[in-house]
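Novice: Chains as they are written, first to last, in this note's numbering: chain A, 1 to 310; chain R, 1 to 310.
Rather than coming from a laboratory, the hints here were simulated on the basis of the structure. Check the hints yourself; a few may be wrong.
The list treats identical chains as interchangeable, and a pair is accepted whether it falls inside one copy or across any two copies.
[Said to hold, decoys possible] In silico EDC-like cross-links for lysine to aspartate or glutamate, where the CA-CA straight-line distance does not exceed 20 Å:
id : residue 1 : residue 2
1  : K306      : E296
2  : K79       : E285
3  : K289      : D235
4  : K306      : E209
5  : K294      : E209
6  : K294      : E11
7  : K306      : D110
8  : K72       : E241
9  : K79       : E281
10 : K306      : E251
11 : K306      : E269
12 : K294      : D165
13 : K294      : E282
14 : K79       : E38
15 : K289      : E241
16 : K79       : E296
17 : K72       : E281
18 : K79       : D199
19 : K79       : D165
20 : K79       : E269
21 : K289      : E261
22 : K294      : D144
23 : K306      : E273
24 : K289      : E30
25 : K306      : E281
26 : K294      : E38
27 : K289      : E8
There are 2 protein chains.
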Amino acid sequence: MSAHISVEELENRILSGDLRSLARAATLVESQSDTGREIVASMFSRTGRAMMIGITGPPGAGKSTIVDQLAKLLRSEGKTVGIIAVDPSSPFSRGAILGDRIRMLDHHTDPGVFIRSMASRGKLGGLAQTTLDMALLLDAAGRDVVLIETVGVGQDEVEIACLADVTVLLLMPGSGDDVQALKAGIMEIADVFVINKADFPGADRLEQEIRAMQSLADDAGKANSAPVRRVIATDGHGVPELLAVIRTLFEGRDRRAAGIETWTFRLREMLRENLLTTIPEEMIEQHAKRVAGKLEDPYTAVAALKATLK
Amino acid sequence: MSAHISVEELENRILSGDLRSLARAATLVESQSDTGREIVASMFSRTGRAMMIGITGPPGAGKSTIVDQLAKLLRSEGKTVGIIAVDPSSPFSRGAILGDRIRMLDHHTDPGVFIRSMASRGKLGGLAQTTLDMALLLDAAGRDVVLIETVGVGQDEVEIACLADVTVLLLMPGSGDDVQALKAGIMEIADVFVINKADFPGADRLEQEIRAMQSLADDAGKANSAPVRRVIATDGHGVPELLAVIRTLFEGRDRRAAGIETWTFRLREMLRENLLTTIPEEMIEQHAKRVAGKLEDPYTAVAALKATLK
């Protein structure tokens with residue numbers, strides 16, 4: 001801690017509602033620092049209260065708008081909200097981060113809405129971990145609802161969406177490719193399908209496509225009866241009904257069973273990243289040289305590297 | 001091996017050009033069987049001859065069409081071609097697999113083109129590994145060029161694109177979101193940017209966007225001077241020029257250095273999946289129960305699980 005304040009003291013200030021301290025802890029978590037991890041570990045026993053809602057979908061589906069509408073509605077009920085906008089962007093996409101910064105101005109006078117944009121730093125696998133830590137921090141800090149917004153296109157996004165208690169998949173009619181683009185497991189983890197821009201032509205067709213996929217999944221023995229809802233995010237039409245559906249799903253879950261299942265998944269992901277660090281980088285490079293020179297096949301190399309752990 | 005034939009015999013038949021044996025080995029690799037791995041390990045010393053070209057881009061950009069055009073052109077030069085169409089689809093998307101099956105009919109009378117569609121089976125991380133094994137098999141089997149086609153939207157696709165010697169990023173004008181959707185590192189790994197449907201309005205604007213991103217990357221100290229080319233995949237316009245650019249890039253690489261770098265990356269990925277299997281699943285579940293019950297924080301759980309390896 002740079003400015004002479006202990007993790008314990010920071011934690012106390014966060015719990016007393018000091019937003020500056022929360023922002024500071026969030027920065028420590030985001031930078032994947034040891035102190036950030038220490039804060040999450042120390043506050044962990046306070047987690048498990050917040051309702052975590054994942055909002056995922058292709059670019060342009062209106063995720064930010066629906067997140068803003070949900071935040072507004074929750075605030076009108078007096079609930080505190082944390083928003084994590086995950087942007088797995090390369091250094092190329094400064095524009096997106098700038099966009100989020102601009103967006104934060106909307107809520108910046110309301111201490112009941114805490115927003116963090118998270119961009120990818122290095123390895124994407126780390127992003128799911130950092131997002132989880134951020135969500136735990138906001139949960140422990142007492143936010144009633146945590147909204148996690150992410151582009152639903154890759155494996156990493158699937159993992160991030162899995163962090164949520166209820167995952168909303170947002171689609172937009174007319175883009176044609178949408179349903180096809182959202183392949184990698186994201187359809188399975190959707191708890192609610194939401195058709196945004198429901199007043200656009202093509203909304204009926206999109207709903208049919210979703211239903212068709214659901215019955216295909218049924219055929220494959222993977223029942224998927226996630227409800228389909230329509231909204232117009234720009235004017236908030238259908239948003240209260242959506243929140244009601246989310247709450248019903250949230251309350252209907254077996255929290256204990258879901259918790260164990262979720263943590264089994266999360267611990268496995270954490271281990272996947274963590275175990276690799278136990279093998280010295282130079283040893284991996286040595287074997288890479290042998291494999292590149294065809295002196296060794298990759299499976300033999302992996303077995304040899306694995307054996308060094310014993 | 002089910003039908004009384006050894007790995008060695010299968011290997012010999014593949015090397016003698018027997019396509020049925022190659023198809024059989026491909027199926028063993030695709031199913032991630034031990035025999036599949038054994039075949040790849042055994043044939044590994046024969047790899048390193050093929051030019052591996054990755055074709056990636058958003059859905060609808062025309063990847064299949066450009067792959068077909070490249071295959072046709074290469075065949076007209078007498079080169080043998082292997083095509084791996086990676087489809088990280090859920091069980092939902094049978095349609096896509098069916099589409100590839102239909103597409104294969106185009107080339108099915110030509111033994112010089114061997115096509116495999118690979119869908120995700122379970123964990124996506126495994127897909128990158130299986131794709132690598134398939135590429136190595138086709139390389140060892142003597143295919144002059146291996147084309148690896150994948151949707152460039154997630155981390156897994158980035159990994160798959162990294163398998164290739166030269167990676168082509170295909171974009172289409174007018175979809176607006178395209179450049180933004182392709183965030184997660186895929187812009188950095190593109191060796192050539194290709195604008196398909198170059199006769200569509202918006203091609204100039206798309207090229208400007210690509211150039212703008214390249215100069216942003218330059219500012220960030222990540223020089224990106226990948227050439228930008230235009231094609232009309234449907235009629236083959238610009239495809240010979242594209243192939244020429246790919247060959248120039250392929251020949252310009254430092255193969256030895258690239259090989260070591262690539263294998264360092266690949267071994268790390270293989271280890272990531274592999275190390276996890278050394279920790280018993282029930283032990284992970286035990287800790288997940290403790291974490292779900294707030295008896296332990298996740299970082300303590302990971303440290304405890306890691307300690308069991310010693």
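Novice: Each hint: holds or not?
Specialist: Status of the hints after comparison with the structure:
1. K306 <-> E296: within (15 Å within a copy, 28 Å between copies)
2. K79 <-> E285: neither (52 Å within a copy, 34 Å between copies)
3. K289 <-> D235: neither (59 Å within a copy, 43 Å between copies)
4. K306 <-> E209: neither (46 Å within a copy, 45 Å between copies)
5. K294 <-> E209: neither (49 Å within a copy, 41 Å between copies)
6. K294 <-> E11: So K294 and E11 pass the 20 Å test across copies only (18 Å; inside, 54 Å).
7. K306 <-> D110: Neither, since 52 Å and 43 Å both go past 20 Å.
8. K72 <-> E241: Within. Shortest intra-copy distance 14 Å satisfies the 20 Å Cα cut-off; inter-copy 53 Å does not.
9. K79 <-> E281: Classified as neither: same-chain Cα gap 47 Å, cross-chain 39 Å, threshold 20 Å.
10. K306 <-> E251: neither (44 Å within a copy, 35 Å between copies)
11. K306 <-> E269: both (18 Å within a copy, 13 Å between copies)
12. K294 <-> D165: Classified as between: cross-chain Cα gap 17 Å, same-chain 48 Å, threshold 20 Å.
13. K294 <-> E282: within (18 Å within a copy, 38 Å between copies)
14. K79 <-> E38: Neither: 28 Å inside a copy, 58 Å across copies.
15. K289 <-> E241: neither (59 Å within a copy, 34 Å between copies)
16. K79 <-> E296: neither (60 Å within a copy, 28 Å between copies)
17. K72 <-> E281: neither (48 Å within a copy, 42 Å between copies)
18. K79 <-> D199: Answer is neither: 30 Å inside a copy and 52 Å across each miss the 20 Å cutoff.
19. K79 <-> D165: within (17 Å within a copy, 53 Å between copies)
20. K79 <-> E269: neither (31 Å within a copy, 43 Å between copies)
21. K289 <-> E261: between (40 Å within a copy, 9 Å between copies)
22. K294 <-> D144: Result: close only across copies, 18 Å inter versus 57 Å intra.
23. K306 <-> E273: both (15 Å within a copy, 11 Å between copies)
24. K289 <-> E30: neither (35 Å within a copy, 27 Å between copies)
25. K306 <-> E281: Answer is both: 13 Å inside a copy and 18 Å across each meet the 20 Å cutoff.
26. K294 <-> E38: between (44 Å within a copy, 16 Å between copies)
27. K289 <-> E8: For K289 and E8, the Cα distance exceeds 20 Å both inside one copy (47 Å) and across copies (26 Å).
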